[in-house]
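Chains as they are written, first to last, in the working numbering: chain A, 1 to 396; chain B, 1 to 261.
It is worth saying that the hints were derived from the structure and are not from the lab. Treat each hint with caution, since some may be false.
With a cut-off of at most 16 Å between alpha-carbon atoms, the simulated EDC-like pairs for lysine to aspartate or glutamate come out as follows [unchecked claim]:
1. Lys8(A) <-> Asp131(B)
2. Lys110(B) <-> Asp178(A)
3. Lys157(A) <-> Asp178(A)
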Amino acid sequence: MTYNINEKGYYGEFGGAFIPEMLYPNVDNLQKSYKEIMYQPDFQEEMKQLLKDYVGRPSPLYFAKRLSEKYKTQIYLKREDLNHTGSHKINNTIGQILLAKKLGKKRIIAETGAGQHGVATATVCALMGMECIVYMGSIDIERQAPNVSRMKMLGAKVIPATSGSQTLKDATNEAIRDWIQHPVETHYIIGSVVGPHPYPDMVARFQAVISEEMKAQLKEQTGNENPNAIIACVGGGSNAAGAFYHYLENEEVQFIAVEAAGHGIHSGESAATSVLGSKGIIHGSRTLLMQTEDGQIIEPYSLSAGLDYPGIGPMHANLIHAGRAEAVSVTDEEALEAAFVLTRMEGIIPALETAHAFAALEKMKFKTQDVVVINLSGRGDKDLATYKKHFETYGK
Amino acid sequence: MENKLDQLFQKKQKNILNIYFTAGFPNLNDTGHIILELEKAGADLIEIGMPYSDPMADGPTIQESGQVALDNGMNLNLLFDQISTIKDKVNTPLICMGYLNQVMQFGEIKFIEKCKESGVDGLILPDLPLDVYESDYKNLLDENNIRICFLITPQTSDERIHEIDRLSSGFIYIVADAAITGNSKGISTKQIEYFERINKMNLKSKKLIGFGISDAQSFNTACQYANGAIIGSAFIRALKDDQQQVSENVSNFIGSILEKV
Ligand SMILES: Cc1ncc(COP(=O)(O)O)c(C=O)c1O
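So here's chain B without its partners, still in its complex pose:
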């Protein structure tokens, strides 16, 4: 079977809208519903956060949503069930994002097989070291046709960016700023210099910019310097508004990002 992420990148190279949400938030069984609504509203790529007790790289919004999800009873078995149920109705690529300890405890092989079975196309594991990826995960992921995405930051050296480019099979996640998720506002000239520096490197991988992208303006700016951008915390805040109105919250939010300027 074709990987939906590969298909997306073949079809679309500009203005890719990647939305992150936390599985099990605001309500335990919203996962499938949110995915279908996101697809309907026009998201190109969906990142499913696997809620974690100690999310090192995440800011307060994602932390809190993860805690709510865990309190709701969210876990990985349930997540895979939720995604499997809707997988035949979804054409949008699905990426799971979480922390390595979750994968280790679930069992690396079982986790990756479950991803494949339930139609997950890629993974983001921010605390997976490159050498551990190469020795323990690369073959498994390739065999199961699942892509891996690595992060780079303004402090990542050029040499390491090339190494990451070589190892990425999904996209490169350009962390827009020295930040945890949900923090910064707007895009500065310094950030633009950084995006331009990356662009001059002629990387083979597709690039999406994330962290601090929150509205149409920051999304559009980011899209000028990459294949697309990622919105997380701002979307989670929108879901919090009225927890009974998940469909409306999704379509209003995506509408506000995609409205033509």
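Extracted from the complex, chain A is given alone in its bound form:
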């Protein structure tokens, strides 16, 4: 049994490309060419150079001593927050912008929730001199204002998505509609392991650098390239996919995928897709999603814009469905508390999305000698306005 994608674009029964004909030529072209392009030696060389000199890779693997003492286990942090632009998202946008250039595309579109993918896309577009349009839900534009300013300074046009819940799902709908209307010159840089095949696999491959480095770093620091567990937050699932990738077939390594429970899993205001979701189609992929009996997509909720999504990538749907990954749900409050714990104990302010991964430590039982890697997907500068509101409650 493999947990990787099959030649038809499926992880088990999840994945595929359920798209209208208007998207077919672009998606079909990507399906046929993405691997060939991305593994060409000159492509790899240019990408690796940029990841090293521009992004700052490899990102450190840091042994969090005080946190380890608190949770009585060996905790290592994979520092994706130290990447240029402040999160793992740039691993994917560097890869996709090079791909877009190879495909001869001139115009780049993207969706964004927390604004990290939007910033990472605007950044590589500035770097390559390409036009950049980012769709972002109106609510997210408000709650992630610093990233909106960054995108604008970088020269991107930020277009508000005003339909539905005005968050990530709706921004993705608008980006898809843009692509339908601009099929020739435009490449759509999807920001997570979601969307029609080949996006989930392509984005996972670009993010796989996380676990590739992790292996070597663990070997060096602990003598063993395998950790006991890897914890990552899951919006669409790209940072988790990158952190899991090179361990997919290694079942000794436990995967913990942390979802946002918002005000509580059954509060009616949640984004805990693996618990609340069922099989269906969202954004061109057959996966787990939150929906009514009638197949209408339910509007999710999380304080964290990057996790406020009613689906998960098909790779994770399969991992969870098959029992290979364990899904843990974390509420807004638990995440906020974890953000303050990490900040006060290690001097690292995490993104609100990432804080969910740390909150999972409260819910897991690890042995003292266990090596646990948390993928520190991003930094919290963008979330200061939210954190500030909670100084009184958690900052004491």
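Position chain B with the ligand relative to chain A; hints supplied.
Relative to the frame of chain A, chain B with the ligand by itself:
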């Protein structure tokens, strides 16, 4: 029982007027009424939109009408009830258009049986992949005498158009332009070249042109290059005008399209 879509194409090969509307809009129980009025006013074919929360391929007009319909309480069970009630009075072929997730959640088999029971003649599911159609849907649809219609766009390759022609049992929906519904205006020479390219391919399927067809002029132009054309967003805007006047809105709108130039 004969399929009404087959019968239509036997009878009429030119100037087929296909009207799209969203079920449950403007009012929850307008569906049957709109169908009967459309038939009376002279529509040849009726496409019933099954409102969806996240209609990827649709523009603002259809999105909004779908949201109103959902807020009104529209759902598939109700839709099938509404159509069943009038099915004996309707001679116009009925096509249901929606997204695959709706069909999956309702249950593929149950959905198709319900279509048959309520007199639905065909389906348009823009996000149904051809291979999934062949493996999971084709036999079911054929057994129940329901036709499938696929879309093509200016970017669809000739090879794929032939494949789509082979698989279509209803008509080929020629998407007039790179567009979501309700967008473009008028028909350009570039579009005409595209229609002519399709015509030279000698496809077996009947062809209807849609997306951006909004008035008598664009309808008549489109009809020169296909068996007919499809109007959606423009009709929905007409229904919005005065929501109490559904009958008048329908007959005025269809009248404006069919008036002789
Ligand atoms: C820092 C950070 N972590 C995680 C996520 C969630 O995305 P994914 O699940 O694709 O990693 C986001 C998304 O915006 C993010 O900004």
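Distance restraint between Lys8(A) and Asp131(B), which requires alpha-carbon spacing of 16 Å or less: At roughly 11 Å apart (the allowed maximum being 16 Å), Asp131(B) and Lys8(A) satisfy the hint.
Given pair status - Asp178(A), Lys110(B), alpha carbons within 16 Å: Distance ~34 Å between Lys110(B) and Asp178(A) Cα, so the pair is violated.
Holds or violated: Lys157(A) with Asp178(A), Cα cutoff 16 Å? Measuring from Cα to Cα gives roughly 13 Å; hence the hint holds.
In this structure, only the earlier hint numbered 2 is contradicted, and the remaining ones agree with it.
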